[in-house]
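Asks: These are the residues of each chain, in order.
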Amino acid sequence: MMPDLGQYTTEITSAYVAALGLLGALILWIWMRSRRVKRALTILETRLNRKPNG
Amino acid sequence: MASLWEYANPVKFMKVSGWLLPVTAVLAAVSIVIGLIWGFFLTPDDFRQGSTIKIIFLHVPSAFLAINAWAMMLVTSLIWLIRRHHVSALAAKAAGPIGATMTLIALMTGAIWGQPMWGTWWVWDPRLTSFLILFLFYIGYIALWSAIEDPDTAADLTSVLCLVGSVFAVLSRYAAIFWNQGLHQGASLSVAPGERMNWAYKGPLYLTMTGFVLLFVALVLAGTRTEIRARRMRALVTRERALG
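Protein chains in written order, with the working numbering: chain A, 1 to 54; chain B, 1001 to 1244.
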């Protein structure tokens, strides 16, 4: 249930949307980059017949 | 007890961060979700600021981390410059985008909060201005890492930039005290007697701050692990090319 924010509904809602949106984008970017680099390293190590180190 | 320097070994770091990362990530998610639900839905309006007080649960933790992320980068940069541990330089590199995002969140939520309270989105107040300069330093730091191909040279130059930028990190924290002017208040959470925030606000604020700190740790661990893998990949490619 949404609390009564009175005359400041737009300000408070936009602050939460902006902050959580930026945090979400940051987490997503770090996670996707981590997956991409991990996959590329695994492919490279497999090619070089090396054992992955985690 | 193991020496702290053992974790400068990439293999040891990968092993420890492998189990530490999910633990901190889960604790961060729990703290932030409970703290924000508590702060948004269950706190009363402030007698002066009305319901806009709810912005504090995002603004203060992000501002706190904006400054302290730079402090962490300063420590790891000094470790790189003095002891040449690669993991510390890569941890500083990983912290850059996280600190920049936290600074941006602090600036944006501050502007949104400032409009109804001060009657303006922005003013060239000492604290706001030093925060904006800190954000520009973050952007410069990230850009410098990207611009230099040799990772050791990049680590050297970004470490020097980090030392210079530390002046603005300190100014961001103490600007309201140094200049004693402007619209922005001093510390939101003070240990000084007579400056007590009510527990109705302090409880969720402490919880979201804890969550943000844990999130920062989790993201730095994840980012550092990625940088270690990227560095290993570069080394393997270089070796492969050298062997023909």
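Hints may contain errors.
Claimed, not checked - Some chain A residues close to chain B (C-beta under 7 angstroms, calculated; not the full set):
| # | residue |
| --- | --- |
| 1 | Thr-10 |
| 2 | Leu-22 |
| 3 | Gly-24 |
| 4 | Arg-35 |
| 5 | Arg-39 |
Unchecked claim - Which stretches of chain B does chain A cover? Using the computed rule of at least three CB atoms under 8 angstroms from a CB of chain A, they are:
| # | stretch |
| --- | --- |
| 6 | 1125-1132 |
| 7 | 1228-1236 |
If you are wondering where the hints come from, they were derived from the structure by calculation, not from laboratory data. All of these numbers come straight from a predicted model, not from anything done at the bench. Yeah, the Cβ is synthetic: ideal placement off N, Cα and C, and Gly gets one too.
Asks: Each hint should be assessed against the structure and marked as holding or not.
Replies: Each hint, compared with the structure:
{"no.": "1", "hint": "Thr-10", "verdict": "violated (9 angstroms)"}
{"no.": "2", "hint": "Leu-22", "verdict": "holds (5 angstroms)"}
{"no.": "3", "hint": "Gly-24", "verdict": "violated (10 angstroms)"}
{"no.": "4", "hint": "Arg-35", "verdict": "violated (9 angstroms)"}
{"no.": "5", "hint": "Arg-39", "verdict": "violated (10 angstroms)"}
{"no.": "6", "hint": "1125-1132", "verdict": "violated (count 0)"}
{"no.": "7", "hint": "1228-1236", "verdict": "holds (count 5)"}
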